[in-house]
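Q: Chains as they are written, first to last, in our numbering: chain F, 33 to 294; chain Y, 121 to 458.
Rather than coming from a laboratory, the hints here were simulated on the basis of the structure.
Careful: at least some of the hints might be erroneous.
Said to hold, decoys possible - In the SDA-like style, the derived pairs of lysine to any residue whose C-alpha atoms are separated by at most 20 Å in a straight line are:
{"id": "1", "chain 1": "Y", "residue 1": "K191", "chain 2": "Y", "residue 2": "D162"}
{"id": "2", "chain 1": "Y", "residue 1": "K296", "chain 2": "Y", "residue 2": "G367"}
{"id": "3", "chain 1": "F", "residue 1": "K271", "chain 2": "Y", "residue 2": "S406"}
{"id": "4", "chain 1": "Y", "residue 1": "K398", "chain 2": "F", "residue 2": "T270"}
{"id": "5", "chain 1": "F", "residue 1": "K190", "chain 2": "Y", "residue 2": "V327"}
{"id": "6", "chain 1": "Y", "residue 1": "K129", "chain 2": "Y", "residue 2": "P281"}
{"id": "7", "chain 1": "F", "residue 1": "K237", "chain 2": "F", "residue 2": "R112"}
{"id": "8", "chain 1": "Y", "residue 1": "K457", "chain 2": "F", "residue 2": "S277"}
{"id": "9", "chain 1": "Y", "residue 1": "K320", "chain 2": "F", "residue 2": "T188"}
{"id": "10", "chain 1": "F", "residue 1": "K34", "chain 2": "F", "residue 2": "S231"}
{"id": "11", "chain 1": "F", "residue 1": "K247", "chain 2": "Y", "residue 2": "R122"}
{"id": "12", "chain 1": "Y", "residue 1": "K320", "chain 2": "F", "residue 2": "A182"}
{"id": "13", "chain 1": "Y", "residue 1": "K457", "chain 2": "F", "residue 2": "S292"}
{"id": "14", "chain 1": "Y", "residue 1": "K398", "chain 2": "F", "residue 2": "K237"}
{"id": "15", "chain 1": "Y", "residue 1": "K320", "chain 2": "F", "residue 2": "K271"}
{"id": "16", "chain 1": "F", "residue 1": "K282", "chain 2": "Y", "residue 2": "V441"}
{"id": "17", "chain 1": "Y", "residue 1": "K320", "chain 2": "F", "residue 2": "R112"}
{"id": "18", "chain 1": "F", "residue 1": "K272", "chain 2": "Y", "residue 2": "K457"}
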Amino acid sequence: MKIVVCVKQVPATNDAKIDPETKRIVREGMQAILNPFDTYAVEEAVQLRDKFGGEVIALSMGPEKAALVLREAISVGADRGLLLSDRAFGGSDTWATSYVLSKAIEKIGGVDLVICGKQAIDGDTAQVGPGIAAHLDWMQAACVMEVCDADKDTITVKRMHEDGYDICEMSLPAVVTVVKDINTPRVPTLKGRLASDKSEIPIWKPEDIGAQSSKIGLDGSPTRVVKTAPPPIRNSVTKKITGTSAECVKELIAELRLRSIL
Amino acid sequence: MRLKNDSDKLKYSNVWVVAEVLSGKIQPVTHELLGAARSLADAKKSKVWAVLLGHNVKEQAQLLIPYGADKVLVVDDSRLSGFSDELEARILVRLIKKYKPEILICGATTRGRALIPRVAVVSECGLTADCTELSIDPVSGDFLQTRPAFGGNIMATIRCPFHRPQMATVRPRVMKAPDADFSRNGEIIFEEVTESDASKIKRILEVFHSDDVAVNLADAQIIISGGRAMKGPEGFKMLGRLAARVGGAVGASRAAVDAGWIPYAHQIGQTGQTVQTKVYISCGISGQIQHLVGMQSCNLIIAIDKDPSTPMMQMADIAVVGDLFEIVPGLTEEIVKL
Numbered sequence: 033m034k035i036v037v038c039v040k041q042v043p044a045t046n047d048a049k050i051d052p053e054t055k056r057i058v059r060e061g062m063q064a065i066l067n068p069f070d071t072y073a074v075e076e077a078v079q080l081r082d083k084f085g086g087e088v089i090a091l092s093m094g095p096e097k098a099a100l101v102l103r104e105a106i107s108v109g110a111d112r113g114l115l116l117s118d119r120a121f122g123g124s125d126t127w128a129t130s131y132v133l134s135k136a137i138e139k140i141g142g143v144d145l146v147i148c149g150k151q152a153i154d155g156d157t158a159q160v161g162p163g164i165a166a167h168l169d170w171m172q173a174a175c176v177m178e179v180c181d182a183d184k185d186t187i188t189v190k191r192m193h194e195d196g197y198d199i200c201e202m203s204l205p206a207v208v209t210v211v212k213d214i215n216t217p218r219v220p221t222l223k224g225r226l227a228s229d230k231s232e233i234p235i236w237k238p239e240d241i242g243a244q245s246s247k248i249g250l251d252g253s254p255t256r257v258v259k260t261a262p263p264p265i266r267n268s269v270t271k272k273i274t275g276t277s278a279e280c281v282k283e284l285i286a287e288l289r290l291r292s293i294l
Numbered sequence: 121m122r123l124k125n126d127s128d129k130l131k132y133s134n135v136w137v138v139a140e141v142l143s144g145k146i147q148p149v150t151h152e153l154l155g156a157a158r159s160l161a162d163a164k165k166s167k168v169w170a171v172l173l174g175h176n177v178k179e180q181a182q183l184l185i186p187y188g189a190d191k192v193l194v195v196d197d198s199r200l201s202g203f204s205d206e207l208e209a210r211i212l213v214r215l216i217k218k219y220k221p222e223i224l225i226c227g228a229t230t231r232g233r234a235l236i237p238r239v240a241v242v243s244e245c246g247l248t249a250d251c252t253e254l255s256i257d258p259v260s261g262d263f264l265q266t267r268p269a270f271g272g273n274i275m276a277t278i279r280c281p282f283h284r285p286q287m288a289t290v291r292p293r294v295m296k297a298p299d300a301d302f303s304r305n306g307e308i309i310f311e312e313v314t315e316s317d318a319s320k321i322k323r324i325l326e327v328f329h330s331d332d333v334a335v336n337l338a339d340a341q342i343i344i345s346g347g348r349a350m351k352g353p354e355g356f357k358m359l360g361r362l363a364a365r366v367g368g369a370v371g372a373s374r375a376a377v378d379a380g381w382i383p384y385a386h387q388i389g390q391t392g393q394t395v396q397t398k399v400y401i402s403c404g405i406s407g408q409i410q411h412l413v414g415m416q417s418c419n420l421i422i423a424i425d426k427d428p429s430t431p432m433m434q435m436a437d438i439a440v441v442g443d444l445f446e447i448v449p450g451l452t453e454e455i456v457k458l
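Kindly generate the complete structure, drawing on both the sequences and the hints.
A: Right, here's the structure in full:
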């Protein structure tokens with residue numbers, strides 16, 4: 033099974049602080065990490081390869097330093113990494129990003145399965161996985177919590193929904209996006225780290241994948257950001273309730289009534 | 121489609137709402153979106169269309185009109201009984217080509233967030249995910265879509281000046297559902313599934329629909345959420361009793377999910393779900409940043425904890441300092457008496 037796992041480098045929130053005034057995350061000085069949902073995508077790809085044989089190729093689009101997240105994928109078992117990096121890719125929205133990734137997947141050739149994380153924690157759109165499937169006209173399953181079965185032609189997956197789940201069978205090639213429930217990502221071994229350090233990460237440009245210039249970057253992106261603004265500031269005063277448990281209950285109920293919640 | 125020039129915009133009109141029906145019931149988000157679509161259509165002096173795809177949904181079509189639909193496009197076919205992204209996307213792409221809506225909105229549910237990106241890519245349209253505010257730009261007449269990004273730390277307003285239709289998925293429980301007006305008139309149009317729509321689609325083998333409202337975080341008005349301090353599955357049963365009392369759902373921090381006390385479907389935060397409820401009651405959740413990004417947009421945040429110094433207690437609107445194992449049952453009991 034030839035598997036492409038799409039990964040993204042995103043700002044970390046681990047070391048973020050909360051601004052005491054706005055009660056929002058301070059983004060300055062954050063580190064860049066492998067998107068958390070993608071760690072499950074990488075693990076699932078590696079497990080499927082170990083079960084069915086084949087190859088796992090980690091694919092990312094981003095600046096040159098995004099090679100780091102490809103190395104991270106290699107350190108936990110991906111066979112190789114490919115980076116799509118070029119000024120012309122800059123400014124791509126989800127339409128253009130999924131186009132570029134789909135062109136790279138076509139260029140890789142013979143791919144049976146594409147695995148993505150459910151969404152990236154910076155954009156939170158969850159649109160790139162289904163977008164890749166649409167560009168390729170492959171079947172797709174989003175929010176996959178379990179790969180139930182697979183063979184050379186089909187894959188059966190369990191999808192999580194708000195109100196339960198379903199199980200569906202798709203013919204390959206296909207695209208799946210995964211949620212955290214699907215597995216427990218492994219920790220890289222020393223051998224894995226050494227392999228990832230030594231690994232060559234080729235960089236592909238638009239011409240390498242035959243991407244049309246009108247479909248990439250800002251030109252290829254239907255959406256335009258008109259403005260960005262901080263979210264509405266939360267009421268910065270915290271109403272503190274103390275006392276015996278019975279007093280706390282009474283006062284909390286009074287507060288809820290005051291706010292017409294009860 | 122990418123527009124060749126500005127006058128191409130005039131070929132597109134009306135606001136479409138893609139309805140969501142589960143177990144034969146129109147979902148609340150569809151009513152909310154019909155309300156939002158009504159305001160947009162009024163601003164554009166155009167009509168609201170609902171699009172209803174499903175099996176045995178004919179009777180439901182009539183029920184969309186009181187909430188603001190002027191026309192309802194219905195595709196009723198046994199192949200639409202499960203959620204086949206490929207099939208639904210092909211039908212929508214075809215209907216969009218035929219009727220040329222100016223705007224299309226759909227609930228940002230797991231199904232909507234899987235389906236509409238596929239439609240947008242094939243239709244060559246822009247799409248904005250998870251919107252919380254929608255309006256019409258008075259100058260350009262374009263559809264302005266505002267959404268939170270990076271866990272709600274920034275609000276971005278998006279428009280698609282050169283492509284039609286303009287598409288957005290919208291968070292459940294953010295827009296207000298209008299009151300039903302049963303005197304409204306509307307037209308119902310039936311469409312069929314074609315052979316090419318139904319080629320190469322997934323096979324749905326099993327569907328499990330839980331009637332347990334405690335699981336459905338997206339649909340809840342109130343979420344009672346617990347963390348490591350719940351000490352075990354029993355603690356979550358206690359939260360479940362309060363949730364049942366107020367008709368809310370039960371949420372959890374990653375720590376509680378990883379400990380196996382409650383299924384992943386309840387996890388809120390960076391690797392779980394993002395929620396935006398009216399009321400969020402945090403019980404013993406310290407408030408690590410990965411949790412806060414999943415719930416900080418809730419309207420009213422109440423935290424209950426022994427320790428008043430946790431980030432959650434600091435950011436909450438109401439911080440109750442005390443023993444949650446006494447306060448939560450006390451609250452449950454008092455609410456019964458109300």
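Q: Are the hints correct? Go through all of them and say.
A: Okay, the hints, checked on the actual structure:
Between Y/K191 and Y/D162 the alpha-carbon distance is near 15 Å, which keeps this suggested pair within the 20 Å criterion. For the hint pairing Y/K296 with Y/G367, the CA-to-CA distance comes to about 18 Å; that is within 20 Å, so the pair holds. For the hint pairing F/K271 with Y/S406, the CA-to-CA distance comes to about 17 Å; that is within 20 Å, so the pair holds. Taking the CA atoms of Y/K398 and F/T270, the gap is near 17 Å; set against the 20 Å cutoff, the hint holds.
Proximity of F/K190 to Y/V327 is assessed by CA-CA distance (about 10 Å); at most 20 Å being required, the pair is judged to hold. Under the criterion of a C-alpha separation no larger than 20 Å, the hint pairing Y/K129 with Y/P281 is consistent with the structure, at around 9 Å. Restraint check for F/K237 and F/R112: satisfied, since their Cα atoms lie roughly 18 Å apart, inside the 20 Å limit. For the proposed pair Y/K457 and F/S277, the alpha carbon gap of about 17 Å is at most 20 Å, so the pair holds.
Distance restraint check for Y/K320 and F/T188: the Cα-Cα separation of roughly 15 Å lies within the 20 Å cut-off, and the hinted pair is therefore satisfied. For the hint pairing F/K34 with F/S231, the CA-to-CA distance comes to about 19 Å; that is within 20 Å, so the pair holds. Taking the CA atoms of F/K247 and Y/R122, the gap is about 11 Å. The hint holds against a cut of 20 Å. Straight-line distance between C-alpha atoms of Y/K320 and F/A182 comes to about 17 Å, which keeps the hinted pair within the 20 Å bound.
The suggested pairing of Y/K457 with F/S292 holds, with an alpha-carbon distance near 17 Å, which does not exceed 20 Å. A distance of roughly 47 Å separates the Cα atoms of Y/K398 and F/K237; the hinted pair therefore is violated under the 20 Å criterion. Distance check on the hinted pair: Y/K320 and F/K271 sit about 57 Å apart at the alpha-carbon level, beyond 20 Å; violated. Distance check on the hinted pair: F/K282 and Y/V441 sit about 13 Å apart at the alpha-carbon level, within 20 Å; holds.
Of the supplied pair hints, the one linking Y/K320 and F/R112 is violated, its CA atoms being roughly 31 Å apart against a limit of 20 Å. As the CA atoms of F/K272 and Y/K457 are separated by approximately 25 Å, the hinted pair breaks the 20 Å bound.
In summary, the structure is inconsistent with hints 14, 15, 17, 18 from the numbered list given earlier, while agreeing with the others.
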